[in-house]
Amino acid sequence: MRAFQALRYRVMKDLGAPALMAAARFKARRRPRRAPDPNMGAPLKCGGRLRELMTRHYLLARYAKGAMPVAWVTSGAPVELLRAFGFYTVYPENHGALCGAKGMGADLCRIAEEEGFSQDLCSYARIDLGSVMSGKTPVGRLPRPDLLFASNNICQTVGYWYNVLADRWNIPLILLDTPFNVHGGPDEASVAYMVRQFEGMIPTLEQVSGRPFRMPTLKDVLRISKETADTWGEVLGTMKARPSPMTIFDAFVHLAPVVSLRGLPAALDYYRILLAELRGRVARGEGGIREERRRLMWDNIAIWYKVRDYSTLFAEKGLNFVTATYTNAWAETAVFMDEARPFESMARAYSRVILNNDLDYRLRLMEQMIRDYQVDGLVIHSARSCKPYSVGQYDLKRLLMERFDIPSVIIEADIADERAYSEEQARTRLEAFFETLGP
Amino acid sequence: MDYVVGMDVGSLSTDAVILDRQGGIAGIGIVRTGASSLRAAEEALDMAVSAAGLGRSDLGYVVSTGYGRTGIPFSHRAVTEITCHARGACFLFPDTGTVVDIGGQDSKVIHVGPGGRVMDFTMNDKCAAGTGRFLEVMAEKLQVGLEDMGELSNRAQGEATISSVCTVFAESEVVSLVARDHPTEEIVRGIHRAIVGRIWGMIRSLGPKGELTMSGGVAKNRGVVAMLEELWGRPVQVPEEPQIVGALGAALIALDQETQPGE
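Same order as they appear, the protein sequences are chains U and Y.
Start counting the first sequence at 1; every next residue gets the next number (this note's numbering).
Start counting the second sequence at 1001; every next residue gets the next number (this note's numbering).
Simulated from the structure, these hints should not be mistaken for lab results.
There is no bait here: all hints are sound.
With beta-carbon atoms standing in for the labels, derived distance ranges: (1) Ser-1163/Y to Asp-405/U: 36 to 44 Å; (2) Asn-39/U to Gly-1071/Y: 19 to 27 Å; (3) Arg-168/U to Asp-1181/Y: 48 to 56 Å; (4) Glu-402/U to Pro-1235/Y: 24 to 32 Å; (5) Gln-119/U to Gly-1071/Y: 27 to 35 Å; (6) Pro-1235/Y to Val-391/U: 33 to 41 Å; (7) Pro-1114/Y to Gly-185/U: 41 to 49 Å; (8) Val-1178/Y to Gly-438/U: 44 to 52 Å; (9) Glu-1258/Y to Pro-36/U: 33 to 41 Å.
Nothing here was measured: the structure is a model prediction, and the numbers come from that model.
Just so it is clear, CB atoms sit at the ideal spot from N, CA and C, and this is done for glycine as well.
Working from the sequences, and respecting the hints, build out all of it.
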């Protein structure tokens, strides 16, 4: 059985997926093009390549079950360890964002709510549970995992959410506990505590995957992962240019590989191509929008069902988002990764992700970004789903306005549940913000 | 065209202000918005036009604001109520640093800079608590007139505790207080305490700045104003017609357009 599934996966990977991609490309060429938005810059050439990369990832996920071990992983978990055992990884948060962008968020949330999950729970969690319960997904089918892997460096919810899944399928859940950072990075005791956890995970990972742990493999993965995160950092760094060669809404979409395919050569290859394209645009002075009058910063996760609307709305006003704490999160800790000390460096890198730090850290980070990217205004998304990200935003806003004398606005919304979004209220706030930014 | 118009199409009322070239108020009109904001806008404008003793042909530039700002065909430009309230409040009280507007559908606190420029603002969200609607619901429940609430509240000997910040829950608290035959004045005072508590939280989130000017229909409620003054520690500035501050701000922006057509 396993041999058949492995063979089927290989056939799909080497023949099926490329054939489907070629067919899709052919169809796309024949489809009439949507009229370009006059306020936007030329679309990125990499867009099609990104679509293929992610479509292929979800397509092959369908055939991974049985052919290789499958894991569901949280966005902030040290996936490198799983890659060393050959796991096919699925990211429910990325899937949740996709559902949100496709307008399926509220429906899937409702299914979870009917089963008794609170409306106050994160919408990524509700979408994932709703999708598991109903089988509904925009990607065809998600493979049932053999293992769950979560880290509470992004929030406490993931622990409870993944426990529900572990209980439902009676599969192992591995949770990396990362002590919260107050006044700087983790101390030596915390690092040692996380290293001990990594060592303790190995027997379970060996058992589920049926493969022995090999340190050289982990080192290889870690090297690729660090290079990928660094390259993603360079991609974002091109947005320091005036005009910025893309908008943050582009970056939200191009974030998918560093989240879901981190540690795989495909993601690194992709970002190298994207980086070259962006550098070309900077050299030619091509911007992400037609006329960049003002430069803005975004805080918190994207409002996925509004990405297109906002990108049009802001471009029309000549406002370009050039940086975001959210997209930056997958680049900022790469510096701590070191293949010479795999466990220790993973502990240092993953415990430093933005949401595992106190507000002082976030304030200093945002100050740095405002200076580096020459930001003229700040749009803060207070996300009903993401409490760790949204708490403290009013204080951050006040302090940043005092220090930089730039206008800012808070939009109350949600990442993927469009029922928590009021168009009229958001519009009024944004228009008032545009008025304070001036002509 | 010697006159300009500001229209504030809100959720509860629609207001029109006509200004002459010198910025003097020539006429005002206030009507309930009801089911058609367009009809309300026409009515309010007609009322203001006849109060000013003018004809429609005397009117020049029109700026609209409020929730219905984009649906007015005779408006030349739509501006948000945040910008308009700041401008209007500063015109009436030049030392204004903070504007509190409690409208029918939302409430806002605005920091105002030189010339009525908006420096920062905050608004309540997705919740009727802290809005004029909250008071309307409660007045209806208690069968007292909205305009009588201030006086009732100031007359109360004691104060009922309304602990919930949610309109629906607060309403059920009021129901149980009524059932226990609690004095109406004290319930009204408790209701005012709840709304002022919400507003005060918003003021604190921006920080108090300069003098406080109140706009919006709720500013007519002396009970609410008195409680806010207790917290603010100084008198609160209330315009004679607090409802028209948004429309006045819109009219002032219209006047800018007429006098600096290059902009």
